[in-house]
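**Student:** Chain residues, written in single-letter form:
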Amino acid sequence: MSSDALSITFAALADPTRRAILARLATGECTVGELAKPFAMSGPAVSKHLKVLERAGLVARGRDAQWRPVRLQAAPLKKVADWALDYRQFWDASYERLDAYLTHLMTEEQHDDSK
Amino acid sequence: MTTRSDAAAPASESARNVTGRTEYLTPNDREIVVARTFDAPRSLVWAVFTDPTHLPKWHTGPAGFTMPVCEIDLRPGGKWNYVWRNRQGREFGAAGTYREVDPPKRMVQVTKALDGQEQTNTTTFTEENGRTTVTVTMLFASKETRDQGLPYAKMGLEASYALLDAYLASKI
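Protein chains in written order, with this note's numbering: chain A, 1 to 115; chain B, 1001 to 1172.
Think of the hints as simulated: they come from the structure by calculation, not from any bench. Wrong hints could be hidden among the right ones.
[Stated by the list, open to error] If you anchor each label on the Cβ, the simulated ranges turn out as follows:
1) Met106/A x Gly1078/B: 26 to 36 Å
2) Asp4/A x Asn1028/B: 30 to 40 Å
3) Ser1142/B x Gly62/A: 44 to 54 Å
4) Asn1081/B x Thr17/A: 35 to 45 Å
5) Arg55/A x Thr1126/B: 40 to 50 Å
[Claimed, not checked] Rough simulated footprint, nothing fancy, chain A against chain B, three-plus residues with beta-carbon under 8 Å:
6) 1061 to 1069
7) 1088 to 1096
8) 1116 to 1124
[Claimed, not checked] Straight-line Cα separation of at most 25 Å, DSS-like style, residue types lysine-lysine; simulated pairs:
9) Lys79/A x Lys1143/B
10) Lys1143/B x Lys78/A
11) Lys1079/B x Lys1057/B
12) Lys51/A x Lys79/A
These numbers were taken from a predicted model, which means no experiment stands behind them. All C-beta atoms in this analysis are idealised placements derived from N, C-alpha and C, irrespective of residue type, glycine included.
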């Protein structure tokens, strides 16, 4: 998964309502109306969230024009989990910071020398 | 900033002395090797890896974490104790002792893996053309222990905990 795809997944998951929608869908597919009910939201408001989730590949809509059930597509979630569980995340982030920190220390040293 | 004119070098040569890229290797069932080259002399790189005033400035992993505790008694048998804290205030620790300290070339730290088995981290520092390559070799008691994940992985997990709620609920 490219970091861009991960970013899109993260952006989609950043909203608590969308996470609640995913949690609901984890128990089985349902219609937009059924999804809207527990959130006290209008159908269009739920549809807006679904569009974001659909773009991130996290949900899919059925073909049935009348019913169009919403289904969880969990593959991107697994990628996020794999990424989060990966020890490499820790080192990548730390070492990137260390590059900047070393540059900072060496610049400081030069300033000290020139005094 | 570092120039990347050497980016086109063949893979075998680019493995060393190219900054900005961390290499991860699993040479056998019980080890993880993390190698990285920094554009700085060895004495300075050794200092930032072993001095408690330096480590919390960079050794903090995913964004949002701080390192409120960093205690280092840098001598064979001396203790080290790290604590990281996330935005929610939850803390994660790693602690152990130094088995070998050979500045500015090599140190061996002993700690415990998540399952309580002994784990050693050997860190070597080599300098070439003003750049320093740091190689951390993590040795675990068994393949199972290694694959179970490190405390670092646990922090990453915590950083993305909300996302995992949905993932685990999906029962894949």
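**Student:** Of the hints given before, which are not true for this structure?
**Tutor:** 7 and 8
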